[in-house]
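Please put together the full structure from these sequences, using the hints given.
Protein sequences appear in the order of chains A and B. Here the working numbering is used: the first residue of the first sequence is 1, the next is one more, and so on. Here the working numbering is used: the first residue of the second sequence is 1, the next is one more, and so on.
All clues given are correct.
One side of the interface only, derived from the structure: several residues of chain A facing chain B at Cβ under 8 Å: (1) His349; (2) Tyr351; (3) Thr355; (4) Thr366; (5) Pro381; (6) Met410.
Everything labelled a hint here was simulated from the structure, so no lab data went into it. Yeah, the Cβ is synthetic: ideal placement off N, Cα and C, and Gly gets one too.
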Amino acid sequence: MKAVADKLPLDIETIRLDFPILKRKVNGYPLVYLDNAATSQTPQQVIDVIVDYYSNYNANIHRGVHSLSQEATDKYEAARKKIQQHFNVAKSHEIIFTSGTTHSINLVANGFAQELNTGDEIIVSALEHHSNIVPWQMLCEKTGAVLKVIPMTQEGELDMDAFHKLLSDKTKMVFVNHVSNALGTVNPIEEIIEATHKAGAAILVDGAQAAPHIKADLQALDVDFYVVSAHKMCGPTGVGMLYGKEKWLNKLPPYQGGGEMIATVSFEKTTYAELPHKFEAGTPNICGGIAFGAALDYMNAIGFENIASYEHMLLEYATKELLEIEGLKIYGTSKDKTAVISFNIEGLHPYDIGTIVDKLGIAVRTGHHCAQPIMDFFKIPGTVRASFSFYNTFEEVDVFISAIKKAKMMLQ
Amino acid sequence: MTIQEIQEEIVDEFSMFDDWMQRYEYMIELGKSLPLIEEKYKVEENLIKGCQSKVWVHADLIGDKLAFSADSDAIITKGIVAILIRAYSNQHPTDILEADNKFIDEIGLKEHLSPTRANGLVSMIKQLKMYAIAYQTQLD
Numbered sequence: 001m002k003a004v005a006d007k008l009p010l011d012i013e014t015i016r017l018d019f020p021i022l023k024r025k026v027n028g029y030p031l032v033y034l035d036n037a038a039t040s041q042t043p044q045q046v047i048d049v050i051v052d053y054y055s056n057y058n059a060n061i062h063r064g065v066h067s068l069s070q071e072a073t074d075k076y077e078a079a080r081k082k083i084q085q086h087f088n089v090a091k092s093h094e095i096i097f098t099s100g101t102t103h104s105i106n107l108v109a110n111g112f113a114q115e116l117n118t119g120d121e122i123i124v125s126a127l128e129h130h131s132n133i134v135p136w137q138m139l140c141e142k143t144g145a146v147l148k149v150i151p152m153t154q155e156g157e158l159d160m161d162a163f164h165k166l167l168s169d170k171t172k173m174v175f176v177n178h179v180s181n182a183l184g185t186v187n188p189i190e191e192i193i194e195a196t197h198k199a200g201a202a203i204l205v206d207g208a209q210a211a212p213h214i215k216a217d218l219q220a221l222d223v224d225f226y227v228v229s230a231h232k233m234c235g236p237t238g239v240g241m242l243y244g245k246e247k248w249l250n251k252l253p254p255y256q257g258g259g260e261m262i263a264t265v266s267f268e269k270t271t272y273a274e275l276p277h278k279f280e281a282g283t284p285n286i287c288g289g290i291a292f293g294a295a296l297d298y299m300n301a302i303g304f305e306n307i308a309s310y311e312h313m314l315l316e317y318a319t320k321e322l323l324e325i326e327g328l329k330i331y332g333t334s335k336d337k338t339a340v341i342s343f344n345i346e347g348l349h350p351y352d353i354g355t356i357v358d359k360l361g362i363a364v365r366t367g368h369h370c371a372q373p374i375m376d377f378f379k380i381p382g383t384v385r386a387s388f389s390f391y392n393t394f395e396e397v398d399v400f401i402s403a404i405k406k407a408k409m410m411l412q
Numbered sequence: 001m002t003i004q005e006i007q008e009e010i011v012d013e014f015s016m017f018d019d020w021m022q023r024y025e026y027m028i029e030l031g032k033s034l035p036l037i038e039e040k041y042k043v044e045e046n047l048i049k050g051c052q053s054k055v056w057v058h059a060d061l062i063g064d065k066l067a068f069s070a071d072s073d074a075i076i077t078k079g080i081v082a083i084l085i086r087a088y089s090n091q092h093p094t095d096i097l098e099a100d101n102k103f104i105d106e107i108g109l110k111e112h113l114s115p116t117r118a119n120g121l122v123s124m125i126k127q128l129k130m131y132a133i134a135y136q137t138q139l140d
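Here it is, written out as structure tokens:
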């Protein structure tokens, strides 16, 4: 491994020291954390920011005249600017803090109700997470709009010919993820965005699984909405962002009423606050927002190109080793995918495999990954999903492979 | 044998193993030897709902005792069901309702009692007790 280590784009051993959790043992074995697509681990630099917030300047924002409130407000707004810069967004008020991707999607789905009439069409992809299916189904029930689905191929890629045929003047909105959570497929969103706009519709891209690996330039993409969660990119849980083009955010109605989102209130009429506050009712996750900014700083210091190229090496190595195991089948074999491997072993239930490898200290996800339509497509109850991050090592891949072999031996 | 006696017997068997791997291997063996539920009972109504593995449980009243049969598509889950059925099958509904589940902890399967183990022990035990409540009413 020494020879390999010299060629790596990242100094993994030093990076790993930033993550206190990676030192712990699980069930008596050193933790091998391969559930990064569910949530990423948090570096000390981000933990320090959280501790600093509650230790030194915890206060409610945008309201108080006192110094602590000012300080907290400044840091929170500075975090918004960091997010703006990271995603190359034109205006900082186009970044709305939310509790995460699901909240962001629901905010848009709710707002779009007024844009839709009976017979209008909404297109989602067959690769979606339930959180990008259910809100649109609810919206269709409410408005009489019709949900159309872009089918997928055996490789786990979107059938783009079928997508282009689905688009018509009835299409009002398209919702697709940038990267599939269950399979890791990177979707051709540039092509999807361009075609959607040509058809005169709006598009929301769910970037939850892409953001930890790909730095998206939202102005270049020309996407209408882009949503992410901080906890998948080294940040805390309970905070995320909704990016929306200014014209759309002005058009959509507020999602929740409350403090912070109003300009004036009387019993006759309330006028809403300007962007972004119109969509940020109530006291937000202040500490979370600030820590989200710190997480972006951390990842940018390592560099997204380095992250992507290292994770790709891990993916290729793990894929090659797994395929040596007899009866093992990988779902999602697109050439363009993030470091996610979803697989099953013939005759074995993914739950059993997950249970055994957990006893060996390895964290993987088993089940349908909140993407039941994908599992139905492959006619399987679920898969074992190993998802890698830049802090995982080749040695950990080896430990994982031998654990899978052990599980296979025990279960067969 | 009473439920408690059977539970003690199971605890005894598991105490022979030194590590988790042997315990799990034994559980997998038990799973493989579980008498299969009749195909006609593997229906939606008998399915314990959850998101990981499928578990079907069926109960028959024979005299004043409840006989359980079950199956699962996951082998470890099947082993757990086998242990539960051994403890609770062919017992009076009242005894099933009064039984405690401390033996699960004692055989080193405590982690399966966690609510995150969807479809795990907790919902299975609940299902067995639901049957017991239903049939107890019938016996009364």
